[in-house]
Amino acid sequence: MKQEMDTTKFIRAALDHGAASLDKATVRKLEAARKAAVAAMPAHTAETAPVPAGAGRHFTVHLHGQRLWATMLAMLGAVLVLYILLHSMRQNGEALETDTLLLASDLPPEAYADKGFDTWLEQTSRR
Amino acid sequence: MATQQELSAFLAEVERRAFKQAAYAVRDDHVALDIVQDAMLKLAQSYGLRPAGEFPMLFQRILQNTIRDHFRRQKVRSLWTTLLSSFTSDDDKDSDPLETISPQDENVAVNPQAQLEQSQTLAIIEAALGSLPARQREAFLLRYWEDMDVAETAAAMGCSQGSVKTHCSRAVHTLAAALRKKGVGL
Chain A
1 MKQEMDTTKF IRAALDHGAA SLDKATVRKL EAARKAAVAA MPAHTAETAP VPAGAGRHFT
61 VHLHGQRLWA TMLAMLGAVL VLYILLHSMR QNGEALETDT LLLASDLPPE AYADKGFDTW
121 LEQTSRR
Chain B
1001 MATQQELSAF LAEVERRAFK QAAYAVRDDH VALDIVQDAM LKLAQSYGLR PAGEFPMLFQ
1061 RILQNTIRDH FRRQKVRSLW TTLLSSFTSD DDKDSDPLET ISPQDENVAV NPQAQLEQSQ
1121 TLAIIEAALG SLPARQREAF LLRYWEDMDV AETAAAMGCS QGSVKTHCSR AVHTLAAALR
1181 KKGVGL
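Protein chains in written order, with the working numbering: chain A, 1 to 127; chain B, 1001 to 1186.
Worth flagging that the hints you see were computed from the coordinates, not collected in a lab.
Quick caveat, the model's predicted, so the values are computed rather than measured.
Note that the Cβ used here is the ideal one computed from N, Cα and C, for glycine as well.
Please note that the accuracy of each hint is not assured.
List time: in silico DMTMM-like cross-link candidates among lysine to aspartate or glutamate, alpha-carbon distance up to 25 Å [to be verified]: (1) A/Lys9 - B/Asp1034; (2) A/Lys35 - A/Asp6; (3) B/Lys1165 - B/Asp1149; (4) A/Lys9 - B/Asp1069.
Chain B side only, calculated, beta carbon under 10 Å to chain A, not exhaustive [unchecked claim]: (5) Ser1008; (6) Lys1020; (7) Asp1028; (8) Ile1124.
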């Protein structure tokens, strides 16, 4: 084990020396490559929007401007769709109740369309 | 997220070793330089916004993948390269001979014997490294030159920790035998 460590240390020292002894042209080319790579790094495009503190909670939202608008529009669209669905379901529910009432009644459905029927109902209920 | 300064500092620290690693693998300084340039660009463009602590492993993974890509392309191009190389000259008319003088040559008058021995030892080690199987060389350099631990080396190489230990052990034994054979004492 110790011999293995000695071998690796010896080799490492030699390799370090080799790396430190690169010719100037190669060193210059490596430096140019490094600068080109750093210049190609994506820019940080984060935008912070601090949210007012409420009940002791703080958080920041990092969103690009265009992405923020797209997200808001998507949420608005989802809320609208949800409202339409709920409204439609409520209307369907009311229609269903009416149909159920008519079908369960002893009177024929045409009776409810008779104009004198409401008058008869009122008179009957007074007795 | 890493800053440009952090990326620059990291690349400045690893660029020379990365170049030597690539050179040991491909045995061509020009190709090694291209490989390191590609690896640096890929790191910056694809992972530039990751935390700086992830750079060592990411860069090593990219570097090794880029080396492997080179060998894959070389298989296809080797036939044409062989045919065309007989018609081209190796002279680089744009190079300045003074630029090829390494710093150690400037100090040759100080201790020429020591410098010579050091150069010869390095040449023996580099030749032995170049003759290692690729995975053993990769494991050895990541563990003992890049100071990665076994887990990090396994992640960078995309293999198990057991494989890393096996590759490292075999590499060390092979290198030690090569040094003994050449009469290099530790």
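So, going through the hints one by one against the coordinates:
1. A distance of roughly 29 Å separates the Cα atoms of lysine 9 of chain A and aspartate 1034 of chain B; the hinted pair therefore is violated under the 25 Å criterion.
2. Taken as a hint, the lysine 35 of chain A and aspartate 6 of chain A pair is broken in the structure, with Cα atoms around 37 Å apart against an allowance of 25 Å.
3. Of the supplied pair hints, the one linking lysine 1165 of chain B and aspartate 1149 of chain B holds, its CA atoms being roughly 10 Å apart against a limit of 25 Å.
4. Proximity of lysine 9 of chain A to aspartate 1069 of chain B is assessed by CA-CA distance (about 31 Å); at most 25 Å being required, the pair is judged violated.
5. Among the interface hints, the one on serine 1008 of chain B holds; its C-beta lies about 5 Å from the nearest C-beta in chain A, closer than the 10 Å criterion.
6. Checking lysine 1020 of chain B against chain A by beta carbon gives a least distance of about 5 Å; that is within 10 Å, so the hint holds.
7. Look at aspartate 1028 of chain B: its Cβ only gets to about 13 Å from chain A, farther than 10 Å, so that hint breaks.
8. Given hint, isoleucine 1124 of chain B at the interface with chain A, holds; its Cβ is 9 Å from that chain's nearest Cβ, closer than 10 Å.
Of the numbered hints stated above, those contradicted by the structure are hints 1, 2, 4, 7, listed in ascending order.
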